[in-house]
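Kindly generate the complete structure, drawing on both the sequences and the hints.
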Amino acid sequence: MNNNSANILDIKNIEVTYDDVILALHDVSLKVPEGKVVALLGANGAGKSTTLKAVSTMLASERGKVTKGSIDYDGNSIQKQNPSQMVGLGMVQVLEGRRCFGHLTVEENIISGAYSRKLSKGDIDQELEKIYGYFLRLKERRKSQAAFTSGGEQQMIAVARAMMAKPKMLLLDEPTMGLAPQLVAEIFNIVKELNQKEGVSILLAEQNTNIALKNSDYGYIIETGKVMLEGSAESLLNNDKVKELYLGISKKGRKNFRDVLKEESLNKRSN
Amino acid sequence: MVDELLFFMEVLVGGLLAGTMYSLVALGFVLIFKASATFNFSQGAMVFFSVLAFCGFMQDFNIPFVLAFILAALLMVVVGLCTERLVLRPLMNASEDTVLMATIGLGYVLEGLAQAAWGVEVRRLDLGIGDFPVPWIADNLKLFISALDITAGLVAAIMIIGLFLLFKYTKIGLGLRAVADDAGAASSIGIPLKHIMLLVWSAAGVVALVAGMMWGARAGVQFALVDLALKALPVLIIGGFSSIPGAIVGGLIIGATEKILEVYIGPFFGGAIEGWAPYVLAIFFLLYRPEGLFGEKIIRRV
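Quick note, the sequences are listed as chains A and B, same order. The numbering of the first sequence is numbering that gives the first Met the number 0, which starts it at 0 and goes up by one. The numbering of the second sequence is numbering that gives the first Met the number 0, which starts it at 0 and goes up by one.
These are calculated hints, taken from the structure and not from any lab test. Cβ coordinates follow ideal geometry from the N, Cα and C atoms, glycine included. Incorrect hints may have been included.
EDC-like cross-link-like pairs, simulated, lysine to aspartate or glutamate; straight-line CA separation at most 20 angstroms [as the list claims (entries may be wrong)]:
hint	chain 1	residue 1	chain 2	residue 2
1	B	K193	A	E61
2	B	K167	A	E107
3	B	K167	A	E61
4	B	K170	A	E107
Not close to chain A: a few residues of chain B, all C-beta gaps over 10 angstroms, as computed [unchecked claim]:
hint	residue
5	L80
6	R84
7	V86
8	Y107
9	W135
10	D181
11	G219
12	P244
Which chain A residues stay away from chain B? Per the calculated CB distances, all over 12 angstroms, these [as the list claims (entries may be wrong)]:
hint	residue
13	K11
14	T16
15	D26
16	E33
17	A42
18	D71
19	G121
20	Y131
21	A146
22	A184
23	E243
24	E263
25	N266
26	K267
27	S269
This is the structure we're talking about:
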């Protein structure tokens, strides 16, 4: 119905302010093609979470506002939507820091993800079994209180809970934060599997540039609210500047893209 | 000796049953505390507002008992709806303290509305249940226990079982528990906060109505019902602000101890210690077990 239907998400030049004064995003544009995994990379405070919350419309509950630009999801503007409507449309965000319901059991946590869907008891059980197929570890712990599970398990609960809403698109905000390398790999394997078997499009915010790019199709690097670089995951992994600034293969004292650009312009002038 | 034991039993049972009346009031607080993490200062006013409306329907309009109850309950749903729409939603991003202050304001509005609509005089509420000993129990067990106390106990038990089942086994109950744990995460998976708030405030309104009917039948429907909220405070401190079983057990403990202390220790203080003894007990709980007996502990993994 739309020319852009190949892109499930299309963000054009958005600017976001908090409390009407704090400018968090200057100019961010990005696209997520249907069925693909796109990584949004950057350091703390670069604007990754803000971008994701602009898409899920959860900005409003933090006094944030999209003041310029447009966001189209599935060919339609999301301007007038609220978070629960977005979930109804198949866009679910997994918030940073896992945010499980600590006093609920693992299984209750996962079932709560189906709140927006009208399912019978039998349907819910069927969906649960399907989800446990991806998260075997959670099935063993289904009766434990979520607050007493490990960090990795809590991250799995958060993703499983989001999957219960039957999303077309997932927004993952730093799913590997504070996890051991082995668990990071396990989480990414699951994410990849969900992408391939369930056809969920994924926009992934990460600081862990290396592993995020290895599991994505395309990547964007943002710094202080601006997209600095974009490209296929492979090209970014092989990009010298990315290697230097984000993959820890560093030389000299340059710390971000702004420094690189400054240096380059100085070099040009001296030449 | 036997007489003394019987007397003690009578004091204890009477106290426990009277305690369920406190539990009923405390229940309303717990419901709202679970969902909004705020102490609802207007709960006392809601008790007064709802039961005065109930009396008004029955006495001024000659509406039969059951219909008047349904109307008053519906009125409380409307109050819940207005509260969600006009007070809670605009304050969605505000701090818990702000919401707390708003509930104080809401209390004054409800008190004023109630008296403007139905007048200020004390009304008598006759539920058809006398506040005097049940003859059968007096004859067979030699205990003098008020029929109203027994009714209050039964009503409280039914409401607790009902609410427990609602929270544990229904979808909306799961939604409410999720919101109580993390409202932001709940909204991220599509649980609509406004529906949950509406449900909770309506349920608290109906609980207030039932509590008001019990207290109104005992002490008359009057402005003093507003101060019932203060009686519920020690109950909540002992039982835990976020626990429904806590509200019940807290009420029972307060009811029993205040009666026993009044009868056995009261004379040394010149009587009337039941007015303040519960608060002393509450202070001890605040010092040694601030989350209460059943309050949700802040779970921290180590």
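Consistency of the hints with the structure:
A C-alpha spacing of about 17 angstroms is found between B:K193 and A:E61, which places the hinted pair at or below 20 angstroms, so the restraint holds. Only pairs whose Cα atoms come within 20 angstroms are accepted, and B:K167 paired with A:E107 is accepted, the gap being roughly 10 angstroms. Between B:K167 and A:E61 the alpha-carbon distance is near 31 angstroms, which puts this suggested pair outside the 20 angstroms criterion. Of the supplied pair hints, the one linking B:K170 and A:E107 holds, its CA atoms being roughly 10 angstroms apart against a limit of 20 angstroms.
The Cβ of B:L80 sits about 18 angstroms from the closest Cβ of chain A, beyond the 10 angstroms cut-off, so the non-interface label holds. With a closest Cβ-Cβ approach of about 15 angstroms to chain A, B:R84 is found to remain outside the 10 angstroms limit, as its non-interface label requires. Separation of B:V86 from chain A is adequate, the least Cβ-Cβ distance of about 17 angstroms exceeding the 10 angstroms criterion. Every Cβ of chain A is farther than 10 angstroms from the Cβ of B:Y107; the closest lies at roughly 29 angstroms, confirming the non-interface assignment.
No beta-carbon of chain A is positioned within 10 angstroms of the beta-carbon of B:W135; the least distance is around 44 angstroms. Against the 10 angstroms criterion, B:D181 falls within the reach of chain A, whose nearest CB is about 5 angstroms from its own CB. Taking the minimum C-beta to C-beta distance to chain A, about 41 angstroms, the non-interface status of B:G219 holds against the 10 angstroms cut. Annotated as non-interface, B:P244 keeps its C-beta farther than 10 angstroms from every C-beta of chain A; the closest such distance is 14 angstroms.
Every CB of chain B is more than 12 angstroms from the CB of A:K11 (nearest about 24 angstroms), matching its label as outside the interface. No Cβ of chain B comes within 12 angstroms of the Cβ of A:T16; the nearest lies about 15 angstroms off, and the non-interface call holds. With 12 angstroms as the threshold on Cβ separation, the claim that A:D26 sits away from chain B holds: the shortest Cβ distance comes to roughly 26 angstroms. Under the 12 angstroms C-beta cut-off, the non-interface status given to A:E33 relative to chain B holds; the minimum distance is some 21 angstroms.
For A:A42, the non-interface assignment is confirmed: its Cβ lies about 23 angstroms from the closest Cβ of chain B, beyond the 12 angstroms cut-off. Distance check on A:D71: its Cβ is at least 20 angstroms (rounded) from any Cβ of chain B, clearing the 12 angstroms threshold; non-interface status holds. Taking the minimum C-beta to C-beta distance to chain B, about 14 angstroms, the non-interface status of A:G121 holds against the 12 angstroms cut. With a least beta-carbon separation of about 18 angstroms from chain B, A:Y131 lies farther than 12 angstroms from that chain, consistent with its non-interface assignment.
A cut-off of 12 angstroms between C-beta atoms contradicts the statement that A:A146 is not in contact with chain B; the least separation is 4 angstroms. Chain B leaves A:A184 outside its interface by the beta-carbon criterion, the shortest separation being 22 angstroms against a cut-off of 12 angstroms. Consistency note on A:E243: stated as away from chain B, and its beta-carbon is indeed over 12 angstroms from all of that chain's, at 36 angstroms minimum. Taking the minimum C-beta to C-beta distance to chain B, about 41 angstroms, the non-interface status of A:E263 holds against the 12 angstroms cut.
With a minimum CB-CB distance of about 46 angstroms to chain B, A:N266 clears the 12 angstroms threshold, and the non-interface call stands. No Cβ of chain B comes within 12 angstroms of the Cβ of A:K267; the nearest lies about 46 angstroms off, and the non-interface call holds. Listed as outside the interface, A:S269 is consistent with that label: its C-beta sits roughly 51 angstroms from the nearest C-beta of chain B, beyond the 12 angstroms cut-off.
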